[in-house]
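Residue numbering for the sequence shown follows the UniProt record's numbering, beginning at 1 and increasing consecutively.
I should point out that these hints are in silico values taken from the structure, not numbers from a laboratory.
Possibly wrong hints are sitting among the right ones.
[As the list claims (entries may be wrong)] Label pairs and their computed distance ranges (CB to CB): (1) Pro176 - Leu364: 11 to 21 Å; (2) Pro228 - Ala249: 27 to 37 Å; (3) Gly195 - Asn266: 34 to 44 Å; (4) Gly245 - Val366: 16 to 26 Å; (5) Pro228 - Gly191: 29 to 39 Å; (6) Gly259 - Ala67: 18 to 28 Å.
Quick reminder that beta carbons are idealized off the backbone N, C-alpha and C, glycines included.
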Amino acid sequence: MTNNRTAVVVGAGIGGLCAGLALSRRGWQVTILERAPAFGAVGAGLTLMSNALAGLDALGVGDQVRAGGQVEAPGGSRTADGRWLFRIEATELTDQLGTESLGIHRATLHAILRAALPAGTTLVTGAEVVEVVAGPPAEVSYRHDGTRITVGADLVVGADGIRSTVRARLWPDAPPPVYAGSTTWRGVTDGPWGGELYVAISWGPGAEFGMVPLGDGRIYWFGAVNAPAGGRDPDELRAVRDRFGSWHAPIPDLLAATGADTVLRNDIYHLGTPLPNYSRGAVALLGDAAHAMTPNLGQGAAQAIEDAVVLGAAVGDGAGAGAGAGDVTAALIRYDRQRRPRSQHVARASYRIGRFGQQLRNPLAVTLRNALLRLTPPRTALRSMARYADWQPPRPDGV
1 MTNNRTAVVV GAGIGGLCAG LALSRRGWQV TILERAPAFG AVGAGLTLMS NALAGLDALG
61 VGDQVRAGGQ VEAPGGSRTA DGRWLFRIEA TELTDQLGTE SLGIHRATLH AILRAALPAG
121 TTLVTGAEVV EVVAGPPAEV SYRHDGTRIT VGADLVVGAD GIRSTVRARL WPDAPPPVYA
181 GSTTWRGVTD GPWGGELYVA ISWGPGAEFG MVPLGDGRIY WFGAVNAPAG GRDPDELRAV
241 RDRFGSWHAP IPDLLAATGA DTVLRNDIYH LGTPLPNYSR GAVALLGDAA HAMTPNLGQG
301 AAQAIEDAVV LGAAVGDGAG AGAGAGDVTA ALIRYDRQRR PRSQHVARAS YRIGRFGQQL
361 RNPLAVTLRN ALLRLTPPRT ALRSMARYAD WQPPRPDGV
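Please take these sequences and the hints and turn them into a complete structure.
Here it is as structure tokens:
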């Protein structure tokens with residue numbers, strides 16, 4: 001194919017790699033710029049629900065992801081002393097969502113996406129973007145090995161996370177991310193887990209602890225508490241044990257099976273003020289750069305995957321001539337109109353659920369919430385979660 005249109009994707013996280021994959025598969029000549037100097041087994045786990053898996057299927061990597069993840073685990077919610085508020089069997093989850101959800105290590109998913117990039121896709125690490133021109137045509141300037149490089153492109157995709165440089169340059173009036181009021185620890189057991197497998201969340205006043213089985217037999221866990229921003233401990237695993245070590249089994253054993261040097265701690269920030277649009281000229285935002293959300297619905301990665309699939313369909317064939325080339329600016333307006341309402345709706349819902357769940361600390365309010373959950377049929381609770389995963393990719397002939 002000759003006269004291919006060019007795209008620069010800023011950021012090589014899950015959303016950026018999916019965008020690169022979506023565009024490359026449609027014939028675009030893609031360069032992906034990543035600020036980190038190298039890729040490694042960094043990060044923890046995540047849950048991919050049916051909408052994320054449908055998007056990954058559309059990108060041609062669904063089977064590989066399923067092979068690398070853990071499926072068919074029961075779930076539910078408990079109190080800190082281990083009493084179940086509700087339980088959901090794995091078969092119910094599959095029946096309600098129409099397809100399985102799974103847990104996978106972020107590094108495993110990242111490696112699958114990198115390996116799937118077609119030949120001719122350029123991935124540049126150690127590239128710090130310093131300027132973006134919206135165009136069209138768009139332009140990106142970045143520093144690499146001490147040299148400033150400027151490249152033109154028919155399309156630029158800002159997939160550079162919650163502290164997005166692309167957003168800061170082209171949406172200068174947008175308020176910065178705001179602290180959601182919680183800090184979270186994340187870890188993965190050092191080896192395969194021999195106990196029962198659950199996708200479960202346990203709640204205490206102003207705190208929650210969750211666990212998700214991964215495809216390699218390990219368990220991804222996370223703990224979150226209400227706390228001032230910026231707190232740190234020299235030994236974060238000890239801090240987690242101090243906070244959650246007295247909670248029900250198997251939480252203490254999961255922490256004992258985790259190496260101290262693998263525990264991550266992050267304050268939770270989100271875009272408290274939704275952006276008025278996701279596109280400027282020939283530049284589009286996706287993932288956390290567009291709609292960073294709290295993790296309470298487990299939809300952050302899924303929404304980035306959806307963004308990438310819809311973006312690829314909106315801009316169409318990357319050939320320089322012939323049907324499907326279209327106008328990039330108009331295509332990005334269509335992308336914005338389709339993605340912004342849904343992604344911002346999910347972000348608002350995630351924030352509200354956090355206020356009802358992990359962040360709730362008033363003893364009377366906690367008692368009332370727990371009583372309500374015990375009275376709610378599990379299928380009803382599941383349907384309330386499943387509606388956010390109710391999404392299908394656009395048809396191959398457009399959005």
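| query | In this structure, is the beta-carbon distance linking Gly195 and Asn266 contained in 34 to 44 Å? | reply | 27 Å Cβ-Cβ, so the 34 to 44 Å window is violated.
| field | Distance restraint evaluation - Pro228, Ala249, Cβ atoms, bounds 27 to 37 Å | value | 30 Å, holds
| query | Has the hinted range 16 to 26 Å been met by the Cβ atoms of Gly245 and Val366? | reply | 20 Å, holds
| Range hint 18 to 28 Å: satisfied by the CB atoms of Gly259 and Ala67? | Between Gly259 and Ala67, where Cβ atoms are some 26 Å apart, the hint holds.
| query | Using the C-beta atoms of Pro228 and Gly191, is the stated range 29 to 39 Å upheld? | reply | 35 Å, holds
| task | Confirm or reject the claim that Pro176 and Leu364 have a C-beta distance inside 11 to 21 Å. | result | Distance hint for Pro176, Leu364 is violated at roughly 35 Å.
Figure legend: structure checked against the earlier numbered hints; hints not met, in rising order: 1 and 3.
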